[in-house]
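My request is simple: use the sequences and hints to build the entire structure.
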Amino acid sequence: MPHQDQDTSLRHRLGRTLRTPIGVTALTACLLVVLVAVFGPVLLGDQAARIDTDAINRGSSAAHLLGTDQLGRDIAARVVVATRLTLRLTLLAAVIGVGGGLLLGVAPAVVGRRLGRLITATVGVLVAFPGLLFLLFLATIFGVGSTGAVFAVGLAMVPPMARLVQNLTASIAGSDYVAAARILGVGRFKLVVRHLLPNIAEPSVLFATQAAGGILVAFSGLSFLGLGVQPPEYDWGRLLNEQLNRIYVNPVAALAPGAAVVLTGLMFGLVGEVLAQAGGRRAPQAREATPQQVKPQDETAPDGDGGALVRARDLRVTFPGGRRAVRGISLSIGVGEAVGLVGESGSGKSLTALALADLVPHPGRVCAGTLRFDGHDLRADPRLGTELAMVFQDPMASLNPALRVGRQLAEVAEVHLGATRAQATARAVDRLGAVRIPLPERRARQRPHEYSGGMRQRAVIAMGLMGEPKLIVADEPTTALDVAVQQQVLDLLAEVRADSGAALLLISHDLAVVAQVCERVLVMYGGLIVEDLPVAQLVGGAAHPYTRALVGAVPTMATDPGTELATIPGRPPEPGEAGAGCPFAPRCERARKRCHDDAPELAGFGPGQRVACWYPVDAETAVAPAQAASHGAEATS
Amino acid sequence: MSSLELRGITVRYGRFTAVDNVDLLVPEGTVTGLVGGSGSGKSTLGKAVVGLAPMQSGRVLVAGSDAGRRRGRSPVQLVFQNPYASLDPRMTIGASVAEALPREAASCETPARKAPARERRSACDAEVARYLELVGIDPARAVLAPDALSGGQRQRVALARALAARPAVLIADEITSALDVSVQGAVLNLLRRLQRELGFAMLFISHNLAVVRYLSDQVAVMDDGHLVECGPTERVLERPEHPTTRNLISCVPTLALAEEAS
Ligand SMILES: Nc1ncnc2c1ncn2[C@@H]1O[C@H](COP(=O)(O)OP(=O)(O)OP(=O)(O)O)[C@@H](O)[C@H]1O
Ligand code: SF4
Ligand SMILES: [Mg+2]
Chain R
1 MPHQDQDTSL RHRLGRTLRT PIGVTALTAC LLVVLVAVFG PVLLGDQAAR
51 IDTDAINRGS SAAHLLGTDQ LGRDIAARVV VATRLTLRLT LLAAVIGVGG
101 GLLLGVAPAV VGRRLGRLIT ATVGVLVAFP GLLFLLFLAT IFGVGSTGAV
151 FAVGLAMVPP MARLVQNLTA SIAGSDYVAA ARILGVGRFK LVVRHLLPNI
201 AEPSVLFATQ AAGGILVAFS GLSFLGLGVQ PPEYDWGRLL NEQLNRIYVN
251 PVAALAPGAA VVLTGLMFGL VGEVLAQAGG RRAPQAREAT PQQVKPQDET
301 APDGDGGALV RARDLRVTFP GGRRAVRGIS LSIGVGEAVG LVGESGSGKS
351 LTALALADLV PHPGRVCAGT LRFDGHDLRA DPRLGTELAM VFQDPMASLN
401 PALRVGRQLA EVAEVHLGAT RAQATARAVD RLGAVRIPLP ERRARQRPHE
451 YSGGMRQRAV IAMGLMGEPK LIVADEPTTA LDVAVQQQVL DLLAEVRADS
501 GAALLLISHD LAVVAQVCER VLVMYGGLIV EDLPVAQLVG GAAHPYTRAL
551 VGAVPTMATD PGTELATIPG RPPEPGEAGA GCPFAPRCER ARKRCHDDAP
601 ELAGFGPGQR VACWYPVDAE TAVAPAQAAS HGAEATS
Chain V
1001 MSSLELRGIT VRYGRFTAVD NVDLLVPEGT VTGLVGGSGS GKSTLGKAVV
1051 GLAPMQSGRV LVAGSDAGRR RGRSPVQLVF QNPYASLDPR MTIGASVAEA
1101 LPREAASCET PARKAPARER RSACDAEVAR YLELVGIDPA RAVLAPDALS
1151 GGQRQRVALA RALAARPAVL IADEITSALD VSVQGAVLNL LRRLQRELGF
1201 AMLFISHNLA VVRYLSDQVA VMDDGHLVEC GPTERVLERP EHPTTRNLIS
1251 CVPTLALAEE AS
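Those sequence lines, one after another, are chains R and V.
All residue numbers for the first sequence refer to our numbering, where the first residue is 1 and numbers rise by one.
All residue numbers for the second sequence refer to our numbering, where the first residue is 1001 and numbers rise by one.
Don't read these hints as lab results, they were simulated from the structure.
Please note that a few of the clues may not be correct.
Said to hold, decoys possible - The calculated SDA-like cross-link candidates involving lysine to any residue, where the alpha carbons are at most 20 Å apart (straight line), are:
hint	chain 1	residue 1	chain 2	residue 2
1	R	K190	V	A1210
2	R	K190	V	A1095
3	R	K190	V	H1242
4	R	K190	R	G100
5	R	K190	V	P1089
As the list claims (entries may be wrong) - Here are some chain R residues the structure puts well away from chain V; computed CB gaps all over 12 Å:
hint	residue
6	R13
7	L31
8	D46
9	Q47
10	F129
11	N167
12	L263
13	R323
14	R324
15	R379
16	A422
17	G454
18	E577
19	Y615
20	D618
Backbone N, C-alpha and C fix where the C-beta goes; we use that ideal spot for every residue, glycine too.
Set out below in C-alpha cells:
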C-alpha cells in the first residue's frame, strides 16, 4: 500500500507541526495580518484619509484611539490601512530577493565552468560587503520612492540568498542522480526544475521566510529615513517618521506603527520556525498506538537459553501501515558460533540484525516473545558497545570524519567501560594492532579519510573489539570492498573470532562469503527464516526449494558462460502482502494446494537442519539445483 | 555499429593521476569486463567515458566518431555503483525511469501529435511498468519515493532507468555488488540477452571475477591507474600474466569450500 509510505512526507509533518502551540500561533498571526491587509483599506480607508482641521494633533481619545496627525487624520485607521502597502512592498522585495538569489545560486551548477566561477566569486564579494551599506548604496542608486526602495531592499537580499542556494545546489549537483540525468540528456532547465529545486526547496523556503522579516524591517527603515514610500502614500515606516517627533506628546501614535513592524516581523520568524520544524523532521511525533507488548508468559523461563548466547523467539519488526518486515522468527546463536544470514534484498536480514542491537529506525517497532542475550533480556538492557559489536557496510557511517581514529575508539572504552583516558588510548592502539593495522600508534592519530576503505572497515571492527564482545554482528561488511580487501577482512573476522571467542552473525547476499566464514546458515525469505542448515549442506544438502534455487543462481569460476544462469521466477513478497500460505509458494515449482493454504513452520529435518517447507527436497530425490528453477519462466521475461 | 574505443585516457584530480593513459577497445557487440582493486581507477575510467570525470587528455570514440562533446542524451549510459545516491529522493521511481524513456518511443515529454494526453500518459506508464517488471520491481511501486525501497531494490530501479534510455554503449559500474544472487542472475541474464539482441557494447566494471568471467568476452585489469592486462576472458583468467591479475584470482571466495567441508 504505497500511500502509507508517505507517512513522513512534508505535508504530513507540516500538518502535525501546525497543531502545536507555535504552529497555531503562527497560523493565527498569518490569518490576522492577511485579513487586516485585505479588509483594512476597504473598511477604514475613508476614515484614514479624512482630513479634519478641527482635530489636529489630538491625543488618544474615544473617537481617535491613537489620536490624530498634523492634518487631523485618525492614526489608528492609518496604521491599519498601511498594512496592505507595507506587506505588498515587503513581499515584492522578497520575491526579487528570492528570485535573484535562486537564479544566481543555481546558475553556477548549470552554466559553463568559467561563467559559474565568475558568478560564485561575485556573490562572494557581495556577501562580504556590509549589508546595511549595500542597502543604502542601492537606495541611493535607485533614488527615493517605493519602486527604488523595493529594488534596493530586494537586491540587498540577493547575495546571502544566492550564497545559501549555491552551497545547497553544489552538493545536489554533485550527486549521482544529477549525473545520471545529465547522461540522459535532461536539459538544463528541466534539470533545475526537476532535480535541483525540489531538493533545495525546504532550506530555501525556510531562509526566505526568515529573511522576509528582515526585509520588512529594512523597508520600514528606508521609509522612515524618507528614502522609501513618498507621500501621499504611507506605510508603517512613514507613519513612524511622521509621528516620531511627537513621541513625547503622543507616545502611542509613534509606538503603534513600530509595534506593527516588530509583530509582523515576529510573525515571519514564527512561520520560518514552523517550516523548519516540519522540514527538519524535528516535528513532534504524534503518539502512535503502543505496540502489543511482549507476551509475559515467556519471561518466566529464565533458563531457557540452553547454552545459546542469543535466543530470539517470535521476533517481529513492523512498520506503520501493516508492513511486517520481520514476521516472527526464532533464532539462536551459540557461544562462539559463526552464523550466516542470507536472503534476498528486503527479506528482513538487516532489520533482524538491527533488532538484536536495538537499533531499528524510527517508525519501526520491535516485538518479541523472547529476546535474550547472554542470559539478559535485551530489551531491558541493550548490550551494544560492550558485549555486542556492530559492523556495517559503509564504515564511514560508523566513524566520525572529524575525529582521530584512536580517539574515537578510546571513547568507546571511556563511555562503556569506564576506562581512564590513558588506559583507553592504550587499548585503542592495541586494538588497531589486533586488526592488523600497520604502525597502530601513528595510525591512531590519523582521521578516517586518511585510511583506505579496507582499513576503515578494520577500524570499525577494532571499535567493536574495544569491549569484550561476545557477539559481532556484521551487516554486509565487505560489500563495498574489492575482492582482495574483502579477503583480508574476512580473514580478520575469522582471526578475531579465534582470539576472542566471540560469536559472529554475518549478513551477506553473497553465499560464497558466508560459506567461507560461517558454520551455520540461516536463510531468510519474506521476513521469515525458511531454512537453518550447516554450511556443509549448502551445496547439495539444502532442503528448501528456495535455498536450492539460491545456490544454483550463484555464478562461480566454473559456471559455463554458454548457459543462462538459474534464476527464481517472480519476485519476493512485499512486507505488506503476506498471504496465508507459504511465502515462497508463488515462485515455487514444488508448490501444491497445501502450500497456498497453510504456512509451514520451521521444523527439524536432518541433523542440525531445520526447514519450513511442506515438501522439502531430500538428498536422494534432489533435482540438480540448476533445474530447480526453470529457465523459461525467469523474472526477466 | 557501436564499438567503444578509448584512446590515451588520462584523468587527474589535482596532482593525483587516477587514470593514466589508458587505451581500450570494446569491440561492437561485445562485453569487456574491467577488474581491479579498489582505487585502481575503474570507476573513474567509466565516469570519464560519459564525461563525468575531468579528462586531461584522450579521446572517447563511439562507433568510430568522437563522443566527447556531444549534446543531449549520451549514447553511453552509466549505471552507478551506489544505489542510495543514484536516484533523486524527491522523485518517484516511476518518474525517474520515465525521464530516461526516449522521446520518440513513449513520448512522455514532447506532445506526440494527435495522441491525447491521457493515452500518452498511459503508454508512458506502461513502458515504465515494463522496465520495472524487467528488473523485478512490482510496477505498483512506481509511485513510491526511493527511500521506501531497500538498497537492492533501488539498484534495480537505477538499472531500469539506464536500460530505458536504450543506450548504444552501457557502462555498468559494480551494479551487481548490491544485488541478491537471485536477482543478480536475472539481471545478468537480462543484460546478456539485451546486449546480444541490441548489440550494444558494454564495459562491465566489477570486482566479482566469477560474474565478470560469466559475462565478458574480454577482460581488462587495472592497477593504480594503469591498464596492466587485457585479453580474451579465458586466457586472462586461466593464464594470468600480471601479478595483479593473479592476486585478484586467488582472492575469489567460492562455495566450493563448503563442498570440501562436506
Ligand atoms: N523505514 C522503513 N519504512 C518502511 N519500510 C521499511 C523501512 N525500512 C525497511 N523497510 C522494509 O522492510 C523490508 C526489510 O528491510 P531490510 O532492510 O531488513 O532488508 P534486507 O534483507 O536487509 O535487504 P538488503 O539486502 O537490500 O539490505 C523491506 O521490504 C523494506 O522495504
Ligand atoms: S511449502 Fe510448498 S511452496 Fe513453500 S517452499 Fe515448500 S514446496 Fe514450495
Ligand atoms: Mg540490508
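Tell me the hint numbers this structure goes against, listed in increasing order.
Hint check: 1, 3, 13, 17, 18 fail, others pass.
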